[in-house]
Amino acid sequence: MTTETAVSHVVSSAQSRTAATQLDKSETPQWHNIKAPDARTTRTATVSVPAGRRELAAFLRNPNALFGLVFLSLMALVALIAPIVFPGDPLGMVGKPFLWPGQDAAFPLGTDSMGRNVLAGLFHGARISLFVGLTATALGLGVGITVGSLAGYFGGWVDDVLVRIIEIFQTLPNFVLLVVLVAIAQPSATTVSVAIAIVSWPMVARLTRAEFRAIREKDYVVAARSLGFRHPRIILKEILPNALPPLIVTASVMVATAILMESALSFMGLGDPNVVSWGSMIGNGRELIRTAWYLTFLPGLAIVFTVLALNLIGDGLNDALNPRFSEERS
Amino acid sequence: MSALLRILRTLRRTLLQAVPTILGIIILNFFLLQLAPGDAADVMAGEAGSATVESMQALRERFGLDNPVLVQLANYLGNLAQLSLGFSPRYGMPVTELIGQRLPGTLTLMAMALAIAILIGLTLGSLMAAFSGRLPDRLLSIFALLFYSVPGFWIGLMLIVLFSVTLGWLPSGGAGTIGSSYTGFAAVIDKARYMVLPATSLALFYVAIYARLTRAAMLEVKNQDFVRTAYAKGLSPVVVTVKHVLRNALIPITTMAGMHVGGMLGGAVVVETVYSWPGLGRLAFEAVMGRDYTVLLGILLLSSILVILANALVDIAQAWLDPRIGEQK
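Sequences listed follow chains A and B, in order. First residue of the first sequence? That's 1 in the numbering used here, and the numbers climb one at a time after it. First residue of the second sequence? That's 1 in the numbering used here, and the numbers climb one at a time after it.
FYI, nobody ran anything at the bench for these hints, they're computed from the structure. Keep in mind that this is a model prediction, so the values were computed, not measured. All C-beta atoms in this analysis are idealised placements derived from N, C-alpha and C, irrespective of residue type, glycine included. One should not assume that every hint holds.
Unchecked claim - The calculated label-pair distances, taken between Cβ atoms and stated as ranges, are: (1) 12/B to 77/A: 40 to 46 Å; (2) 100/B to 70/A: 48 to 54 Å; (3) 61/A to 276/B: 34 to 40 Å; (4) 235/B to 56/A: 17 to 23 Å; (5) 123/B to 220/A: 43 to 49 Å; (6) 136/B to 61/A: 20 to 26 Å; (7) 136/B to 227/A: 50 to 56 Å; (8) 115/B to 248/A: 32 to 38 Å; (9) 218/A to 77/B: 41 to 47 Å.
Just chain B, same shape as in the assembly (with noise of 0.2 Å):
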């Protein structure tokens, strides 16, 4: 069977699984927004400062929040439909657009954190697992149970003490030079300097993960008849151990790789109200503090597909690399 086949029936099988969680997501979220406190209408009204019995009412017609719940959510449903998550009469635009907005802050946020969380976990695993038993793999073992044991938002505030305040090497916040003009290299190396630290705080706690991962699985690896293969081929221990041992041990760690989108979604709400990040999160926290429930429903909803495609993608990574899987039984 050809390995397009079974990725094709791999996606198949992930999409059918996908719909009536989505499904069950979507109406969930909507009880939950029934379930908040006050509406958009009251909301609104208390930011005008003044508000009739007559304007409100008004305000809830306008917003169609005088229906019955059912129709509310038939409404809902055929909003989704459309694509529209609703309406911030907050942020007087489409929530859809609002969410469009913060989208590409948080995806490069968590590209950049995965990205380190990878390379140095991998790195301190692989040492870890390279003197397994010895003095380096003590003390490692115990820094990475110790980045797995910080809040992400404190190590960025101790980060910002000490790059920001102390040394002055990074900025303590925002994503970009204000009212900068760099182009070309120089833009991308400002909007780096920006997202080291945040990044950094937001990395940590999967640096953690990553590294014991990595060292279990390149233990279990490394007794292996192959690798004994390749070392009484003569190849030298590094080439054992980056060709042979890392290569598959890097299995399982794809797999958590995907599962980590959804916590660091949920990372990237705190790290980015510490380091005033432009995303989802500081929206998510904008919304909170505004009570603007459709707002929040929206970035719900949204990280949770996010989470699904993200699974999907890992899905279709694994029937490409394994073709055990997606086989017909």
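So here's chain A without its partners, still in its complex pose (with noise of 0.2 Å):
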């Protein structure tokens, strides 16, 4: 590998350019004109990055935070055993009608109008939000940031173009677009995940795109440029890194704002109609809310507690990144 790199010096140095894809292995690239050993050693020294531990530990003694990374562990938890502790379809009959939260102890929450039992179905309800949660924000994140380091990153016509698509998108009201989304495209957890994600990677790609403007003209990406490292190399481990504290927020909020809004949808009755989820049990006993408010007031009580979570953690994970404002907070 290394005597094709030198041949290829040898040969040309225009091909030097296509030689720096093969740099990810020695990590430096190997010019003649530096003659300077010493020169070459400073430039490359491994600087040491801390791994954000400071952060880890502003983040960790937050107490909000704390409680909210508490409380989503234990829904975690819940999404993961809710096969092993209640086995069998959520949506299947199990017992009386209308039986009260504390009337049973089979039911601890007790049952809905068809006999349901509902502690069951808020721990399968945990898998699908969480299931949504997590996918939706994952792929909003991946398109997000790759349109908006792209739009940053190089400008020009790029941008131009880019920031057209995303105005649109941004211009289209979220939930509206959502609905349209899921009517079209038969409501599955899956497609309710990717609908989601088209809804929201617009503001990721606003914010990566600020954050690779502003990082673009900092001395050291000048700096890794004027050494020749290419383009993907600069966005991925240059700038990227840089500009992750922000995205990092916007993913947990992501996570909060993706699983209120499956949650509307299956509240509509616009979600996968197989599995159950919060929002739909909201939706079956909201006929019954005058007789039975439990059935709607227990999911949503599933709901708050974990978006709110989330949130939580998204404040603390904000404090811990920008500590410019946390002095202010406290």
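Bring the two chains, given one by one in their own frames, into a single complex with the hints.
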């Protein structure tokens, strides 16, 4: 590999840029014009990047964030053990209908109009909520960061075109577009996730673009460019890590928003009809609100606390990653 | 340079920027319509319960559904140029007219929700900033975060349980007492009674946003020199807070309020189905259930135009407020 690189350097200097793709191995461009050996070692000396230990400590000292983290972990655990604790279909009829919470020890949170176990529904609902929240966020972040970094890094016509596209998607009212998308692509957990990702990526793209535009002109990026590093490396290794803090905060809020959107969709009967979700439980209990309000109250509580936990985490991350503001807060 | 000229220049720039966005949205809209499974003829045949191949063909011809896609796009654009969003076979009336009937309901609901959100948000935010770091601030912060996390439809249902079912103070749905003959003030009161709960459910999320925004903005303004000067002049804390701090903190809040129009429209879709409020949102829901994609996409298009208009209004308001915006570079 190294001989090949060397040969290509000798053959033509123009090709040295293609050889730079292989740099990832040695991490340094092998240039002939740098004669002083010290210069190279100093230049490439690994700078130890603090692995965010201060931020982590600040995050863990925040009681609100800690509460959020604990509650979310609990929810994740609930989602994981749901099929073990409540095997069988949570949509199946298991008991007498309209048992109030505490009325029957076998059904601690009661049963609904069809005799379905509410607690089993809540457990299985955690699965779908977290699945949709995480999948939609991952997809949205992927698309948003890609588009935003390309627009922000390259500028020029690429930026113009991408900004236009972002603007179109930002102008369309999110939830209305979401309803249209889900109505067109038949609802399932996957299509709902994809649809939520489609409506949420523009925000990420905007944020990433702004960060990239700000960082693009920083000295270390200019230095990397003047050393002949290629665009992918500058984008991925120089700019992206420094653009991450606001994106991390956004991600936690995105999961919260995605969970809210999914619940609203399934409340309106536009969710996956084959799985139980907190939103659909509320939708089913809605007609019985005068007689059995616990059927809408309990799943709603699950949504509120999960989303609250995520927002607390987001706040905690924001304080930890932007220490400038945290002084004012405390 | 006169303020008017500045505003006109901002207006022109905003409109020019909006043109490609609207075109993009229209084309996206059209292709979404094409992607929808089944067409209007299928829906009508399904509703009628019986249809022959010939009658389906006749229906498709009548609505121009048998043309190639590009011809249909040209027709769609041609119709839009005449402000026609197509014809809803299901409701038997033009989509524009249908939307026109429902739009005022949604707009009043949104306006009331926005008013509630800004009013309560500003109050909470000011309180939080005044007690920054102390117990009231912490408690209110948690409340704000709670409002931020509550799904609007759920709080709507809980409000119904409390105020309509248990206390019996407010109606649980609809837009006015049916068959009532209220006039003048009584009619307004009647309308307001039906609007309080839906508007509150819609507003709660934004209350949280405005409260946090106000708090941050006020804390920032608080340390500025002109505030210190105001105190030095011997003004009372209340006067300083209202006249100097709050006033300057209002600028970022108005910006955000303009940006929330799209989000509020989306929230209205859900809240309107909870309270059977006769607005665009309910129409959208009915259109989804009836597979009436012409109506659905008409709503999408119209609500996007509403968002663009709101943004233009914010731009103009800012050009008016801040002399630095809209200057020639």
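Unsatisfied constraints (hint numbers, rising): 1, 3, 4
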